Structure formats: C-alpha cells, structure tokens
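Asker: Residue numbers (the numbering used here), protein chains in the order written: chain A, -17 to 73; chain B, -18 to 516.
For the record, the hints were derived by calculation from the structure and aren't laboratory data. Predicted model, so just to flag it, every value in this text is computed and none were measured. Virtual Cβ for every residue (Gly too), placed ideally from N, Cα, C. A hint or two may mislead.
Label-pair ranges, simulated between beta-carbon atoms [stated by the list, open to error]:
hint, chain 1, residue 1, chain 2, residue 2, range
1, B, Lys258, A, Pro(-11), 28 to 36 Å
2, A, Leu(-8), B, His157, 22 to 30 Å
3, A, Val(-7), B, Ala516, 51 to 59 Å
4, B, Pro216, A, Leu48, 36 to 44 Å
5, B, Phe321, A, Arg43, 48 to 56 Å
6, A, Leu48, B, Phe321, 27 to 35 Å
7, A, Val7, B, Ala420, 53 to 61 Å
8, A, Val7, B, Gly204, 18 to 26 Å
9, B, Tyr126, A, Val(-7), 45 to 53 Å
Partner residues aside, some chain B positions facing chain A, computed with beta carbon under 7 Å [said to hold, decoys possible]:
hint, residue
10, Leu185
11, Phe225
12, Val281
13, Ser282
14, Ser285
15, Ala288
16, Asn409
17, Phe413
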Amino acid sequence: MTERRPPLPLVGAWLGLLALLALTVTLAYVPLGAGNAIVALSIGTIKAGLVAAIFMELRHRSGLTLVFAGAGLFWLGILLWLGLMDFMTRT
Amino acid sequence: MSETNYLTTDYTLRSWFLTTDHKRIAILYFASLIFFFFIGGAAATVIRIELATPQGDLVSSDTYNRLFTMHGIIMVWFFLIPSIPNTLGNFVVPLMIGARDLAFPRLNLMSWYIFMLGGCTTLFAIFAGGIDTGWTFYTPFSTLYSNSYVILAAAGVFIAGFSSILTGLNFIVSIHRLRAPGLTWYRLPLFLWSLYATSVILVLATPVLAITLLLIATERFFGVGIFDPRIGGDPLLFQHLFWFYSHPAVYIMILPGMGVINELISCFSRKEVFGYKFVAWASLAIAAVGFLVWGHHMFVSGQSLVASLVFSFMSFIVAVPSAIKVFNWTATLHKGLLRFDAPMLYALGFIGLFTIGGLTGLFLACLAYDVHATDTYFVVAHFHYIMVGGMVTAYFGGLHYWWPKITGRLYSEHWARAAAVLIFFGFNLTFFPQFILGAEGMPRRYHIYPPEFQVWNVLSSGGAAILALAYLMPLFYLGYSAFFGPRAPANPWDAPGLEWQTSSPPPEHNFATQPVVTRKPYQYNRNFQAEPQNA
C-alpha cells in the first residue's frame, strides 16, 4: 500500500526551487564579473541539494542508498576534474 | 522437461507482452536484438560490398555516410549494449542468485518497452532519410551543418538510455537484496560480478549521454551557445561529455562478455576459475578506471598536452585488470580436462580476439602512434576486435551455453562447432586486413580509396561474406532445435551453478524450493564432476 506523505515538505521544496530560480534569473542581470558564475553555480548546488534531500528522499535514507547517491556526486566530480584539466591547461 | 515451465504457463500474446517474468522478458529482448542485429548487419553488408572496389560505384558519398552511421548507432545502442545484460543477464541473474525474479519485475518489462520505443524512434529517423554524423554525433557538424535527422535519432538513443538505466538499477538491487541464503559475495559466479560492474557504469554514465544529447538539441533548436565557439560555446566540451559516457560504454559492452567467458572456461575445463577474487575485483577496477580514460579519443582534437598525457597514462593502467582476466583464464585452462564443445570454442576465440583488440588498444593509447592512426582503419579494426571479436563472440558462446536451459532443447553440436570455427575464421579475414590498411594510412568513413588498398579491402569483404554466413547459421540450427531438438536435461554440461540445479526450461518461479548455497562457485571434484553450489 502506498504510504501517504504530508505534502508540506514537497510544496515547500517546490516553492524554494522557484524562489532560487527567480534569484538566478535576477542575479544574471546584475554585473558581478566572475562572481556571476560563482553565484549561479552556488544556487544550482543548493537546488540540487533540495532535490536530493526532499524529492529523492535521501534525508530519510542511510547506508547503501547514500553510498550510491554519493557515487553519483563523486563521478560528477571526475567529469569536472578531468574535463577542467583540459580547459585549464590549454595553450 | 518439467510439466509446466515458463514457456508453457500461458501461450497467449498478451501473456508475453504483459509478462513480468524475467525469463520471458529476456526472450522479448532476444527477439528484438536479432531484429536490430540484422538491420545493423545489412548496413555493414552494403558497406563491405561498396569497399570491394576503389571507386564509389554502388552508393553515393552521402548514402555511404548514412550507412555507416546507421550501422554504428544500431549496433552500439540497439545490439551491443543490451545484448548480454538484457538477454542472458535477464534470464540467468535471478537463477544464479536463487531468486524467483529480479527485484523490480514491472520495471524490467517497462525497460523493454522503453527500449523498443527508442529503437523504433531511431529506425524511423533512419528510414525517413537517415543520419550522416557518424554514431558519435560530433559537433559542430551535428548542431550546425548536418541536414539529416540528427535530433530524431538522438531522441531514440536518449530514450533507449533510460532502458539501460532501469536494467542496471534492477541488477544492482537484485544482487544486493535477493541473494539466496549462503550466497555471499565471494560465492557469486563471476558473471554476476561483471554484470554488477556493468550495471554501475550503466547507472552512472548513461545520464551524461542523455544530457549531452539534450544539449545538442538545445543548441540545434534554440541556438544556445554550448558547443559553438561563435556564440560562447566550446567545441571540445561535446567530445568530453560524449566520451565520458561512450568510453565506459565500451566496458558496458565487454564486461558482460568477460563474465560469460568465466562461466564457459570453468565449465569446459572442469576447474575452478584461477584467482577468483582477482577476477572479481578486476571487473570493478575496469568499471572504475574506465571512467578516467575518455580523453584518449581526443588526442588530436586540440585537447591540452597535459590532459592527453594523463589520459594516455590512465589508458595503460586500465589494461592491467583486463590482463589479469586474460592471464587467469589461461591459468584456468592449465591442467584442466578440456572439452571443445561449441561454447568453449567461442570462449577460446574470445580470449585470442580480445587480446589482439586489447593490445592494439595500447598502440592507440600511445600519443605518438595515435596521431598517425587516428581515424584510420587501424582504429576500426581495433574496436571491432573488442566489440565483435570479443563481445559478439562471448554473446554467441553464452547463448549456446545457456540455450538448453532457455529452451529445454539441445542443438546440433556439429553445426554449432562449424559455426564457431567459421565465425572465428571469417572475423579474422574481415578485420585483420584492416589493421594493415590503417597502418598504411587508409582513413575510415570514405568509400572511395586509392587502388593500392584494394587487395586488403577485397580480403576484408570476402571475410565479411564468410562472417555473415556464419552469423546466419545459428539462426537456423538454434531455431530448429528450439522446436525439434532433443529434450535437454536440467544440467546438460554438468555445471555447478544454481541455474543448472532447476529444470530446463525452468518453472515460472525458477525453483521449487528456495536453494541454500553451501559452496563457492566452480567447484569440481577429483573426477572432474561438478559439485553443485547448493548441495
């Protein structure tokens, strides 16, 4: 039988994501130089964290599930690390 | 044959298309993959006929581009990647772990429907006019210049990717959660270790391909600067993202093949696999290190020298666990009671062909040689030795090995051995000349070439004709045996695995009683008789 969950966290997370989206769009028009990318990536990370914790319900999980979720993050790190290695060392 | 088995529980079409039985879903995949194999094979046939002469006298340049693209896309995503996991894996994973089914049977059926949706979308793109980008969809050609059905074909691959993810997820959860009592990790057959490693790659890498294909669509449709430097993109970003998936995809293709070879070498040598733990962990090492080498596809792309050096070094490292497997298989053969049944012929063929494919991969991992060999037939020969000589040979070996379990019938050993030998001979005649062509500088993806290359091309096309004939043979003798072959006993090879301890074909829920595992896999007594895992 499907477990009924209180929708409050889901609605709250959804509203949070919309607010962060609005913040991203607004800040994109504020000239911060290199800061624009940093701000956008930081907001993106918070959004991903919200999705993982609330929608993917990782905050209620432990053990192997977290290991696999962490593996996803680790592998993303590999992509960024070795990919950026090329970009940073190009002549 | 047991009175009721998974094949005889219900004969209606509805019972097949709505089944959640992993064995029936494996058969659905099997039939689908035969279809896609022949579509991809038909493209290869036209390519090889065209290349028999130096002139472009059969198809135009544009048609040729579409033919090799169709061959690549179909063979990679709609045959090689799903071949062993979705057919043999789907069938035997629950049997090998002593379970009634996979962890998510409905998800398993859904993955087949998603796969078929992806396949049909791609086929529609092909028959509506085709794609001319090559299977790699390289930008800027795919985003700016190609006027073929790029997005539709990419959509098909994108959809099929979700099928891969679901299958990988199902295998990971099943192997973690549904193992029979007593079946510890080090008692798992090595086929399961390799499928586990494959599944990890499927789950972690496939989303990157999906994102990459979406980005192509975004740039092509909306002009967002992602890969095009004129609008702020980076042309190498596509190659980084694409190969981050597509190089591990090579291991998605070959790891299950390696897993099958463990089963075959052990059974037909009547010996335990030498160095079980090394072979098991080598699978995971290949899966992990395989994610660190993608840049060796980009040595001449303008990638930085530092990055190229690192990727070159890592590519040599990934050869180590592969070599562990090859050495351990040959050590397993040593002092074994060898039986040269058809599955064993395929296994021995695999070892030789995979070794050639692997070693020539090391040539290409060398920066200096790769500059010479990039985009030549040397590369074509190398990856066909891995994917066809390795993977397809292993697939045929596994198919013959588990055929009596799947169908409950025995095939003609005489015809099967003849096909195995013919495949080995035809394959080498097709692809070995391509090493020479590549070393002499013949580029890939051209259908017109200098006349001095014709001799090797004629040999290659002749080999392809033999190979095509040899690939057709099992269709007839296996097809015949499925309906008219002698009944197979539960354990025709006298193998110790759990899948052989139930009837052939297995009952709907696999085992009459829950098996309890008491032994390591691959145990044989002094008289070379199998000691079942659940004795």
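Asker: If a hint holds in the structure, say so; if it doesn't, say that too.
Answerer: Hint check:
{"no.": "1", "hint": "Lys258/B with Pro(-11)/A: 28 to 36 Å", "result": "violated, 49 Å"}
{"no.": "2", "hint": "Leu(-8)/A with His157/B: 22 to 30 Å", "result": "holds, 28 Å"}
{"no.": "3", "hint": "Val(-7)/A with Ala516/B: 51 to 59 Å", "result": "holds, 57 Å"}
{"no.": "4", "hint": "Pro216/B with Leu48/A: 36 to 44 Å", "result": "holds, 37 Å"}
{"no.": "5", "hint": "Phe321/B with Arg43/A: 48 to 56 Å", "result": "holds, 51 Å"}
{"no.": "6", "hint": "Leu48/A with Phe321/B: 27 to 35 Å", "result": "violated, 49 Å"}
{"no.": "7", "hint": "Val7/A with Ala420/B: 53 to 61 Å", "result": "holds, 55 Å"}
{"no.": "8", "hint": "Val7/A with Gly204/B: 18 to 26 Å", "result": "holds, 19 Å"}
{"no.": "9", "hint": "Tyr126/B with Val(-7)/A: 45 to 53 Å", "result": "holds, 46 Å"}
{"no.": "10", "hint": "Leu185", "result": "holds, 5 Å"}
{"no.": "11", "hint": "Phe225", "result": "holds, 5 Å"}
{"no.": "12", "hint": "Val281", "result": "violated, 13 Å"}
{"no.": "13", "hint": "Ser282", "result": "violated, 9 Å"}
{"no.": "14", "hint": "Ser285", "result": "holds, 4 Å"}
{"no.": "15", "hint": "Ala288", "result": "holds, 4 Å"}
{"no.": "16", "hint": "Asn409", "result": "violated, 36 Å"}
{"no.": "17", "hint": "Phe413", "result": "violated, 34 Å"}
The structure is inconsistent with the numbered hints 1, 6, 12, 13, 16, 17, although it conforms to all the rest.
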